[in-house]
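Number of protein chains: 2
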Amino acid sequence: MIIIGERINATRKTIARAIEKRDAAFIKKEAEKQRLAGAHYLDLNAGLGKGTEKEDLGWLIHTVQEQDQGPLTLDSSDPAVLAECLPLVENPEVMINSINGEEKRIKGLLPVLKNHPQVKLIALTMDDSGIPQTAEKRIQVADQLIKLVTAETNLPVENIYVDCLVQPISVDTRNGLVFLDAMKELKRLYPGVKTTCGLSNVSFGLPERKKINQYFLVVSLAHGLDSAIIDPTLPEMQEAVCLSQTVLGQDEYCLNYLRFARAVSGKG
Amino acid sequence: MIIIGERINATRKTIARAIEKRDAAFIKKEAEKQRLAGAHYLDLNAGLGKGTEKEDLGWLIHTVQEQDQGPLTLDSSDPAVLAECLPLVENPEVMINSINGEEKRIKGLLPVLKNHPQVKLIALTMDDSGIPQTAEKRIQVADQLIKLVTAETNLPVENIYVDCLVQPISVDTRNGLVFLDAMKELKRLYPGVKTTCGLSNVSFGLPERKKINQYFLVVSLAHGLDSAIIDPTLPEMQEAVCLSQTVLGQDEYCLNYLRFARAVSGKG
Numbered sequence: 001m002i003i004i005g006e007r008i009n010a011t012r013k014t015i016a017r018a019i020e021k022r023d024a025a026f027i028k029k030e031a032e033k034q035r036l037a038g039a040h041y042l043d044l045n046a047g048l049g050k051g052t053e054k055e056d057l058g059w060l061i062h063t064v065q066e067q068d069q070g071p072l073t074l075d076s077s078d079p080a081v082l083a084e085c086l087p088l089v090e091n092p093e094v095m096i097n098s099i100n101g102e103e104k105r106i107k108g109l110l111p112v113l114k115n116h117p118q119v120k121l122i123a124l125t126m127d128d129s130g131i132p133q134t135a136e137k138r139i140q141v142a143d144q145l146i147k148l149v150t151a152e153t154n155l156p157v158e159n160i161y162v163d164c165l166v167q168p169i170s171v172d173t174r175n176g177l178v179f180l181d182a183m184k185e186l187k188r189l190y191p192g193v194k195t196t197c198g199l200s201n202v203s204f205g206l207p208e209r210k211k212i213n214q215y216f217l218v219v220s221l222a223h224g225l226d227s228a229i230i231d232p233t234l235p236e237m238q239e240a241v242c243l244s245q246t247v248l249g250q251d252e253y254c255l256n257y258l259r260f261a262r263a264v265s266g267k268g
Numbered sequence: 001m002i003i004i005g006e007r008i009n010a011t012r013k014t015i016a017r018a019i020e021k022r023d024a025a026f027i028k029k030e031a032e033k034q035r036l037a038g039a040h041y042l043d044l045n046a047g048l049g050k051g052t053e054k055e056d057l058g059w060l061i062h063t064v065q066e067q068d069q070g071p072l073t074l075d076s077s078d079p080a081v082l083a084e085c086l087p088l089v090e091n092p093e094v095m096i097n098s099i100n101g102e103e104k105r106i107k108g109l110l111p112v113l114k115n116h117p118q119v120k121l122i123a124l125t126m127d128d129s130g131i132p133q134t135a136e137k138r139i140q141v142a143d144q145l146i147k148l149v150t151a152e153t154n155l156p157v158e159n160i161y162v163d164c165l166v167q168p169i170s171v172d173t174r175n176g177l178v179f180l181d182a183m184k185e186l187k188r189l190y191p192g193v194k195t196t197c198g199l200s201n202v203s204f205g206l207p208e209r210k211k212i213n214q215y216f217l218v219v220s221l222a223h224g225l226d227s228a229i230i231d232p233t234l235p236e237m238q239e240a241v242c243l244s245q246t247v248l249g250q251d252e253y254c255l256n257y258l259r260f261a262r263a264v265s266g267k268g
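Quick mapping for you: the protein sequence lines, in order, are chains A and B.
Take the first sequence: its position 73, counted from the start at 1, is 73 in our numbering, and no numbers get skipped.
Take the second sequence: its position 13, counted from the start at 1, is 13 in our numbering, and no numbers get skipped.
Fair warning: there could be bad hints in the mix.
Since the list can't tell identical chains apart, any single copy or any two copies may satisfy a pair.
Mimicking SDA-like on lysine to any residue, the simulated pairs with C-alpha atoms at most 20 angstroms apart in a straight line are [unchecked claim]:
hint, residue 1, residue 2
1, 210, 255
2, 147, 136
3, 104, 47
4, 210, 253
5, 187, 223
6, 210, 262
7, 184, 223
8, 184, 245
9, 184, 249
10, 210, 256
What the hints contain is simulated information worked out from the structure, not anything from laboratory work.
Same shape as in the complex, but just chain A (with noise of 0.2 angstroms):
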């Protein structure tokens, strides 16, 4: 499973700070804590809505990379600013977050994908309509839009990750069904294909919102989650994704359990 850090983030307070102040040792410090924690990719993403994105995502990319030299997402809505900022990016395993089936988005980013054929590539199932309600038309989405990316660029669909988009269950209590049921049949309909989930929308207006989001989590890796993106320093993921390996056979020996349960009993 691989874990995406979503810490580096202009919507959060603190990091468009950092990004405004060329703070360098306060994203380090962001960096650090999320490849201790057990990050494999650093989402980045700079848009702070002033226009900058592309100078702001390229010193992310710099200051990040001075820290060290793991894999990194490149979080943009803009194409112009992923087909700039990507060639900045040392790793070749970089990822790029995201594409959905809103037609300007594929215009401008095929022609990125084209010229770097080995990115990872997260897929939103939604399009100019928005977010579909059912499992069947996200799936549709998704169908589209591997459809094209495979046939229009070299991306094999294993380096396509769907993100089938789960909306809050305060607003329907069937929203996480929804989820999981459209990440079943897309696994089925693409054997080859991975799936991610950004894991925050599904415990919107509801309390003790971590609590919702550790067990949606522990229940899509039960159905086969390849991928999340999530905050790795926080105890709630570190348990889920732990433990949830080891009670679905991915954990050899119980080795990192035992490390876990260590680590949780002070022994460690």
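Fit chain B to the known structure of chain A by using the hints.
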């Protein structure tokens, strides 16, 4: 999801002592605690290994029925004990724990089931050769048991609760998966059949066993587990049951979760 409270079991020293001393107050308290914690059925096991099981189980039934009239699960490996004790149970919602593929057990239990076609029946996927190591062979045992019971008695398949028997993941990392795979396939073959699970084996030999049990319950519920034999008074189990149901769309308007969150945050 049906919770079967496991606490009144003679393998626990305090329960064995209470049975021997006919300490009705202690047993009633155990019954009350579990009902308050959400147990639908109370498992009653009086197997002291002293040749007094009929009288002891009869006394347990009598004692618990003085406390409340909720459903009971009679837990014995001796068909003669079950035959004698079933008529003592007043609530028509009654469960037998358990049948399995052992010839002697089948021979002894079929006549009992013929006389009580309304019971619910826990069926373990093991036979005279022990517990099969593969999901396929456990399904074979379940398949044979289901065919035999439904052919020879009037029990509908919906009354059969198959326990695919989880073995310790400390012995083989994939043991949890074998259980989950067997359960999934069984549900595909018999859409009407129910499933259940005694959890504690999964964590045998590991530290912080309650955590492992908790997560194994969650992933099992994500795979459609219908019932579990657990200690419902444990916070770990309460959290797993409540949160799983909430994220899996089984908690209308998240009302149970809101109650749970209030209680946990001390405002309830």
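Requested in this report: If the cutoff is 20 angstroms on CA atoms, where do residue 184 and residue 245 land: within, between, both or neither? Let me know, please.
Outcome: both (18 angstroms within a copy, 19 angstroms between copies)
- Query: What label fits residue 210 with residue 262 when the C-alpha limit is 20 angstroms: within, between, both, or neither?
  - Reply: Only across copies: residue 210 and residue 262 sit 14 angstroms apart there, 23 angstroms inside one copy, limit 20 angstroms.
- Message: At most 20 angstroms between alpha carbons: which applies to residue 210 and residue 256, within, between, both or neither?
- Response: between (22 angstroms within a copy, 17 angstroms between copies)
Exercise. Should residue 187 paired with residue 223 be assigned to within, between, both, or neither, using CA atoms and 20 angstroms as the limit?
Worked result: For residue 187 and residue 223, both the intra-copy (10 angstroms) and inter-copy (16 angstroms) Cα distances are at most 20 angstroms.
task: Have a look at residue 210 and residue 253 and pick one of within, between, both or neither, based on CA distance no larger than 20 angstroms.
output: between (29 angstroms within a copy, 18 angstroms between copies)
Handout entry: Within, between, both or neither: residue 184, residue 249 at alpha-carbon 20 angstroms
Key = both (19 angstroms within a copy, 16 angstroms between copies)
At most 20 angstroms between C-alpha atoms: does residue 104 with residue 47 qualify within a copy, between copies, both, or neither? within (18 angstroms within a copy, 70 angstroms between copies)
Please sort residue 184 with residue 223 into within, between, both or neither, judging by C-alpha distance up to 20 angstroms.
Both. Shortest intra-copy (7 angstroms) and inter-copy (12 angstroms) distances satisfy the 20 angstroms Cα cut-off.
### Same-copy or cross-copy closeness of residue 147 to residue 136 [CA-CA at most 20 angstroms]
within (16 angstroms within a copy, 36 angstroms between copies)
**OP:** Evaluate residue 210 and residue 255 at a C-alpha cut-off of 20 angstroms and name the case that applies: within, between, both or neither.
**Re:** Intra 26 angstroms, inter 17 angstroms, cutoff 20 angstroms: inter-copy only.
The earlier numbered hints are all upheld by this structure, with none contradicted.
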